[in-house]
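Colleague: Each chain, letter by letter, is given below.
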Amino acid sequence: MRSRPTTVLLAALAASSLALAGCGSSSPTASSTTSTTAGSSPSTAAPITGSLDVFAAASLTGAFNSAKTTLARANPGLNLTYNFAGSNTLVTQIQQGAPADVFASADTKNMDKLVAAGLVDTPVTFARNKLEIAVAPGNPKHITGLADLAKPGVTVVLEAPGVPAGDYARAVLASQHITVRPKSLETDVKSALVKVTSGEADATVVYVTDVAAAGSAVTGVAVPDSLQPTITYPIAVVKATKNHAAAQAFVDSAVSGAVQKALEAAGFLPPQ
Amino acid sequence: MIVLPLIGLLQRVSWSTLLSDLSAHDAFVALRLSLEVSLGALAIALVFGLPLAWILARHRFPGRALLRGLVTLPMVLPPVVGGIALLYAFGRRGLAGQVIYDLTGWRFVFNTSGAMLAAAFVSMPFLIVTAEASFRSMDRRGEEAAATLGASPAYRFRRVTLPAVAPALAAGAALSWARALGEFGATITFAGNLPGSTQTTPLLIYLDIESGHEATALALSLVLLLVSLGVLVGLRDRWLGNP
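Sequence order for the protein chains is A and B.
Using my numbering, you'd call the opening residue of the first sequence number 1 and step up by one each time.
Using my numbering, you'd call the opening residue of the second sequence number 1001 and step up by one each time.
To be clear, the hints were calculated from the coordinates, so they are not data collected in a lab.
If you're wondering where the values come from, they're calculated on a predicted model, not measured in any experiment.
A portion of the hints provided could be inaccurate.
[Said to hold, decoys possible] Computed beta-carbon distance windows for the label pairs:
#, chain 1, residue 1, chain 2, residue 2, range
1, B, Val1099, A, Gln176, 36 to 46 angstroms
2, B, Pro1153, A, Ala150, 49 to 59 angstroms
3, A, Pro152, B, Val1099, 20 to 30 angstroms
4, B, Ala1170, A, Leu227, 40 to 50 angstroms
5, A, Thr144, B, Gly1008, 25 to 35 angstroms
6, B, Phe1157, A, Ile178, 54 to 64 angstroms
7, B, Arg1032, A, Gln176, 30 to 40 angstroms
8, B, Val1099, A, Ala217, 21 to 31 angstroms
9, A, Ser51, B, Gly1008, 55 to 65 angstroms
10, A, Ser226, B, Arg1032, 48 to 58 angstroms
11, B, Val1099, A, Pro161, 49 to 59 angstroms
12, B, Leu1070, A, Pro76, 22 to 32 angstroms
13, B, Ile1007, A, Gln95, 13 to 23 angstroms
In this text, a Cβ means the ideal position worked out from N, Cα and C, and glycines have one as well.
If we strip away everything but chain A, and leave its shape as in the complex, we get (with noise of 0.2 angstroms):
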């Protein structure tokens, strides 16, 4: 049968190819030259135009997105490109040489790695969030606040460590002296919103914004102000970037432009 061993090679070669270790996020590299758009950069007035790659916070898809159609018809000339994820997992991509033009952290631990190895520009703050707990929908274990995370029988999961969100969650839990064990550790707040979601999970702490764009799929169950850690976001040009002039002019919209205006309806808190 000459079928057989073909099929028995294809699966060999299945498997020794998967058996290697797992396929993580992909880094493309790119050589790290310097930004050679000539010309001086235009006032913020003057529409956008080029190539623009921003890696941006998973917190901050929807903003970006609607901002992304904004954008859009004011800067015909402007290719907009988003590489959500992970904050830390961003930073690691930038790291390994990831062709990013500008990044928005969730936090500024993770922004700070890339300050320290002159990455980036000088960052600006640009928004601030709070923590919210996600629920099912319609709370069916009643979950009024984060002490209830460590009741028996209510199965939690958090993001990852390096995640900010799961860094800023651990943080207040452990300012409160409660013990939550996450059955999980999801690799970003959307993917721990869809444990919730897909009913995997009981709760989960994410952000107001994730809990507003998420609608009825979930309910929110506030934390008290009290509580709130500081959550800014700041956002800088990458050193490598090939469109400085975009760059430059995407942090300014994301501090007082558009993007910001979208950031704000999403839920996001104005930099102070």
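Please build the complex by placing chain B on the supplied structure of chain A, with the hints as guidance.
Modeller: This is chain B only, laid out in the frame that chain A set:
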């Protein structure tokens, strides 16, 4: 193209700190869990896969081609898709999962059994394909002779068939085990990620790379690479077809 990435990996490994990287707590736990999960997956594959392989090899029935296709589907399905499918089948609100949960309170998701199930799902086809091939191509005369001498089907299977296919079966089992060891997409999607219960070595490697712990990730990658290589070299030409 195959060799260059392997060389790239080897030249980045920190050889001097290798042992301490591997004995970092999470790394050791992940390696031990990987062993447990891959062996559990192999057990599941043997229990469900061998009978399937036998039926496919020895019986004709309508829809046999479709069954064979379904059985090999996990080989070509993107593992993440496999994980999602497993959620819909065995998740807390899944087709079978809900029944199991309501009756027994048992959960696969966030449980080591879920990691085993995910690994079995992607690796079982390797065992089935090899087993079916060897059941089909083995010399039946031994079985026929045993039958004429009055041996029962169970006795024939145990004392004649199994020994005849044992070498090929071992090869299929080794391949299946190696595939289960390396599973990532279905595990992280279906079973979750928690050190000690579902964080197998590939998951830890991914998370370590994501959080900048490159040394541990590389050390673990080296271990998996050597194990996989060992299995394939050990199999030599067995999986290219029965001698």
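Colleague: Each hint should be assessed against the structure and marked as holding or not.
Modeller: For each hint, the structure was consulted:
1. B:Val1099 - A:Gln176: 36 to 46 angstroms: Holds: the Cβ-Cβ distance is about 38 angstroms, inside 36 to 46 angstroms.
2. B:Pro1153 - A:Ala150: 49 to 59 angstroms: Holds - the Cβ-Cβ distance for Pro1153 of chain B and Ala150 of chain A, about 56 angstroms, lies within 49 to 59 angstroms.
3. A:Pro152 - B:Val1099: 20 to 30 angstroms: Holds - the Cβ-Cβ distance for Pro152 of chain A and Val1099 of chain B, about 24 angstroms, lies within 20 to 30 angstroms.
4. B:Ala1170 - A:Leu227: 40 to 50 angstroms: With a Cβ separation near 58 angstroms, Ala1170 of chain B and Leu227 of chain A fall outside 40 to 50 angstroms, so the hint is violated.
5. A:Thr144 - B:Gly1008: 25 to 35 angstroms: For Gly1008 of chain B against Thr144 of chain A, whose Cβ atoms are near 52 angstroms apart, the range 25 to 35 angstroms is violated.
6. B:Phe1157 - A:Ile178: 54 to 64 angstroms: Taking Cβ atoms as reference, Phe1157 of chain B and Ile178 of chain A lie about 57 angstroms apart, which means the hint holds.
7. B:Arg1032 - A:Gln176: 30 to 40 angstroms: Taking Cβ atoms as reference, Arg1032 of chain B and Gln176 of chain A lie about 33 angstroms apart, which means the hint holds.
8. B:Val1099 - A:Ala217: 21 to 31 angstroms: 24 angstroms, holds
9. A:Ser51 - B:Gly1008: 55 to 65 angstroms: 28 angstroms, violated
10. A:Ser226 - B:Arg1032: 48 to 58 angstroms: 43 angstroms, violated
11. B:Val1099 - A:Pro161: 49 to 59 angstroms: 36 angstroms, violated
12. B:Leu1070 - A:Pro76: 22 to 32 angstroms: 49 angstroms, violated
13. B:Ile1007 - A:Gln95: 13 to 23 angstroms: 22 angstroms, holds
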